[in-house]
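Engineer: Each chain is listed here by its residues.
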Amino acid sequence: MRFRIPMKSRLRERLQRFKKLDPRMKIFSAFTCICFLLVSKDFFFPAVIFVFFLICLFILVQRPETVLNQLREPIFVIMVLIFIKSLSGKEEIFSMTFPFLKMSFTFYSDGFIEGMTIAARAMASVAVVFFFKEMTSFFEFLSALSWYKVPREIVEILIFADRFIFQLTEKATKIYISQRNRLGYSGVKKGFISFGILFGTLFMRILEQSEKVALSMSLRGYDGKLPLESLGKLSKRDIIFTAVFILIIVWFYKL
Amino acid sequence: MRKTIFFGFSSLGILVIFFLDEAYGMHISDGILPLEWAFFWYLVLIPFIVYGIKQIRVKTKELLWKPLLGLSAALVFAISCMPLPVPIVGTCSHPCGTSISAIFLGPFVSVVVAFCALLLQALFLAHGGLSTLGANTVSMGVIGSFLAYFTYRIMREIGIRIPIAGFFSGLVADWATYATTSMQIALGIRGENEFFPLFWKVAIAFIPTQLPIGIAEGAMTATVLTLIYQRRPEILLLKNLVHEKGEKP
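Residue numbers (the numbering used here), protein chains in the order written: chain B, 1 to 255; chain G, 1 to 249.
Keep in mind that the hints were calculated from the coordinates and are not lab data. Heads up, some of the hints might be wrong.
Using 27 angstroms as the maximum straight-line C-alpha spacing, the simulated DSS-like pairs for lysine-lysine come out as follows [as the list claims (entries may be wrong)]:
hint, chain 1, residue 1, chain 2, residue 2
1, B, LYS189, B, LYS20
2, G, LYS54, B, LYS189
3, B, LYS212, B, LYS225
4, B, LYS236, B, LYS225
5, G, LYS54, B, LYS212
6, B, LYS212, B, LYS19
7, B, LYS254, B, LYS149
8, B, LYS19, B, LYS189
9, G, LYS54, B, LYS225
10, G, LYS59, B, LYS133
11, G, LYS54, B, LYS149
12, B, LYS225, G, LYS59
13, B, LYS133, B, LYS189
14, B, LYS254, B, LYS41
15, B, LYS133, B, LYS8
16, G, LYS59, B, LYS149
17, B, LYS236, B, LYS174
18, B, LYS233, B, LYS171
19, B, LYS212, G, LYS61
20, B, LYS20, B, LYS133
21, B, LYS225, G, LYS61
22, B, LYS174, B, LYS189
Okay, the calculated beta carbon distance ranges per label pair [to be verified]:
hint, chain 1, residue 1, chain 2, residue 2, range
23, G, GLU234, B, PHE52, 37 to 45 angstroms
24, G, ILE164, B, LYS233, 57 to 65 angstroms
25, G, ILE158, B, LYS174, 35 to 43 angstroms
26, G, ILE158, B, PHE166, 51 to 59 angstroms
Derived list of chain B stretches under chain G, where covered just means 3 residues or more per stretch with a C-beta under 8 angstroms from a C-beta of chain G [said to hold, decoys possible]:
hint, stretch
27, 9-20
28, 24-35
29, 143-156
30, 204-215
31, 233-243
Since the model is a prediction, treat every value here as computed from it, not as a measurement. Ideal placement from N, C-alpha and C gives every residue a C-beta, glycine not left out.
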């Protein structure tokens, strides 16, 4: 008996194949794509890229809220910028007068279009980064950074940070929830003090934990250098795939 | 000027209250800065990163240092995930956390820590971005860390007490970070418009969230320093952050 696989699952399986691509090529493709987005002057190219990667992300991610959550901060910043850009320009659309405050605002169509272009560029770039992040594991990313000659100190700090982020976030969340349950954030002054205590407690813990980690690592033979997976030679298949991807991006850019 | 002020408050109020229940720290998202500006801010950042790494190389001869730096980056990241209520607009935002790292690790090392924390934020949370990593690190890491460090040092030198020096160092770092980000955005998006009117518009639009967050960051820095002074005064003595043991905090 054959089970019918839903369309989304099949598409997801196909998209998952991109995960096999070499991380160096993934980073290169993402950066090239972002560079083209940053130099684009019209609305069409970034809008197409945004829609394409957004669809890919909705297929790829199990819960659509994850995508929307990731886009919240950029949306916040962008909406403010569209508003600001709309207030300067040459072609007037409409004016708003507030007699009570003796003020009036004029909105301009060219300013609004400029704002929308920036918004499309930003949303497309965020979608590209999010897509490539979903396709690349953190350690693949670090190995690729190491191959691109990013200083070893930065890579090692990132390894340590990644190792402790979730522990610290969990601890911080627990302390925050218990403070909130004890009405630690019921007033502005109380909130600031509670937040200070939370941050201070975490800071004390990281000092203690870093001493423990350094001791336990040195007992296990840590000499100050963390071993990183070395990436082999680039395969022709990966190079060709990346070249085709970039050509498609260039073709859309030229349209 | 009144128009600009009204515009800033009204736009942010409308946007924040009606569209989002949570606002964030003011990192510049990917795609907002054109390529030349993104590249320029990376160029500005490079000398600080290079010197910071040099200092790290010297310091990490002690094995304790690398985990400590990694944990500091993780802490900056974790703190930036914590929603802090913003009283004026009724939303949540988060402080930067670089003032503490600058005071304890030194400003150059703090730049590298901020760079790592921002990279992780860009990847995991889409706060900031990869193309704007240079600009965001310059505002938060370079300007924030240096101003926090020197404000604290100068105020301590003239005999001001730890909590007050800590408060002002956090406050100055946060507001300076926000002013620099406003400048970076205005330079990046101005097109043919004049710089200063746009700068004021951007700066004023973000005042409702950043003004209270600056005070929160100051309060947070003051509390952390006081807490550490009460529980582990040897750390502050070791880092030369207090002059003598038993000094009134």
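Engineer: None of the hints should be skipped; say for each whether it holds.
Structural biologist: Against the structure, the hints:
1. Annotation: proposed proximity of LYS189 (chain B) to LYS20 (chain B) is violated, straight-line Cα distance about 52 angstroms (limit 27 angstroms).
2. With a CA separation close to 41 angstroms, the supplied pair LYS54 (chain G) and LYS189 (chain B) exceeds the 27 angstroms bound.
3. With a C-alpha separation of about 17 angstroms, the suggested pair LYS212 (chain B) and LYS225 (chain B) falls inside the 27 angstroms cut-off, and the hint holds.
4. Proposed proximity of LYS236 (chain B) and LYS225 (chain B) is contradicted: the alpha carbons are some 32 angstroms apart, above 27 angstroms.
5. Pair hint LYS54 (chain G) plus LYS212 (chain B) holds up; C-alpha atoms about 25 angstroms apart against a cutoff of 27 angstroms.
6. Using a Cα cut-off of 27 angstroms, the hinted pair LYS212 (chain B) and LYS19 (chain B) is violated, with the two alpha carbons roughly 36 angstroms apart.
7. A distance of roughly 32 angstroms separates the Cα atoms of LYS254 (chain B) and LYS149 (chain B); the hinted pair therefore is violated under the 27 angstroms criterion.
8. A hinted pair counts as satisfied when its Cα atoms are at most 27 angstroms apart, and LYS19 (chain B) with LYS189 (chain B) does not qualify at roughly 48 angstroms.
9. Taking the CA atoms of LYS54 (chain G) and LYS225 (chain B), the gap is about 16 angstroms. The hint holds against a cut of 27 angstroms.
10. A hinted pair counts as satisfied when its Cα atoms are at most 27 angstroms apart, and LYS59 (chain G) with LYS133 (chain B) does not qualify at roughly 32 angstroms.
11. Of the pairs offered as hints, the one joining LYS54 (chain G) and LYS149 (chain B) holds, with about 16 angstroms between alpha carbons and a cut-off of 27 angstroms not exceeded.
12. Only pairs whose Cα atoms come within 27 angstroms are accepted, and LYS225 (chain B) paired with LYS59 (chain G) is accepted, the gap being roughly 14 angstroms.
13. Distance hint between LYS133 (chain B) and LYS189 (chain B) is unfulfilled; the C-alpha atoms sit about 39 angstroms from each other, more than 27 angstroms.
14. Between the alpha carbons of LYS254 (chain B) and LYS41 (chain B) the distance comes to roughly 11 angstroms, so the proposed pair stays at or under 27 angstroms and holds.
15. Between LYS133 (chain B) and LYS8 (chain B) the CA atoms are separated by roughly 20 angstroms; this keeps the pair inside 27 angstroms, and the hint holds.
16. In summary, the hint linking LYS59 (chain G) to LYS149 (chain B) is supported, as the alpha carbons are separated by about 21 angstroms, within the 27 angstroms threshold.
17. Between the alpha carbons of LYS236 (chain B) and LYS174 (chain B) the distance comes to roughly 49 angstroms, so the proposed pair goes past 27 angstroms and is violated.
18. Distance restraint check for LYS233 (chain B) and LYS171 (chain B): the Cα-Cα separation of roughly 41 angstroms exceeds the 27 angstroms cut-off, and the hinted pair is therefore not satisfied.
19. Distance restraint check for LYS212 (chain B) and LYS61 (chain G): the Cα-Cα separation of roughly 17 angstroms lies within the 27 angstroms cut-off, and the hinted pair is therefore satisfied.
20. A C-alpha spacing of about 13 angstroms is found between LYS20 (chain B) and LYS133 (chain B), which places the hinted pair at or below 27 angstroms, so the restraint holds.
21. Distance restraint check for LYS225 (chain B) and LYS61 (chain G): the Cα-Cα separation of roughly 11 angstroms lies within the 27 angstroms cut-off, and the hinted pair is therefore satisfied.
22. As the CA atoms of LYS174 (chain B) and LYS189 (chain B) are separated by approximately 21 angstroms, the hinted pair is consistent with the 27 angstroms bound.
23. Between GLU234 (chain G) and PHE52 (chain B) the beta carbon distance is about 57 angstroms. The supplied range of 37 to 45 angstroms is therefore violated.
24. For the hinted restraint 57 to 65 angstroms between ILE164 (chain G) and LYS233 (chain B), the CB-CB distance of approximately 59 angstroms keeps it satisfied.
25. Between ILE158 (chain G) and LYS174 (chain B) the Cβ separation comes to about 40 angstroms, which falls inside the hinted range of 35 to 43 angstroms.
26. The hinted window of 51 to 59 angstroms between ILE158 (chain G) and PHE166 (chain B) is violated, with their beta carbons roughly 42 angstroms apart.
27. A stretch counts as covered by a chain when three or more of its residues have a beta carbon under 8 angstroms from one of that chain; for the stretch 9-20 of chain B and chain G the count is 0, and the coverage is violated.
28. Coverage of the stretch 24-35 of chain B by chain G holds in this model, with 4 residues showing a Cβ closer than 8 angstroms to a Cβ of that chain against a need of three.
29. Here's how the stretch 143-156 of chain B fares: 4 of its residues keep a CB closer than 8 angstroms to some CB of chain G, so the rule of at least three is met and the hint holds.
30. Counting residues of the stretch 204-215 of chain B whose CB lies closer than 8 angstroms to any CB of chain G gives 8, so the stated coverage by that chain holds, three being the minimum.
31. As drawn, the stretch 233-243 of chain B meets chain G at 0 residues by the rule of a beta-carbon pair under 8 angstroms; below three, the given contact is violated.
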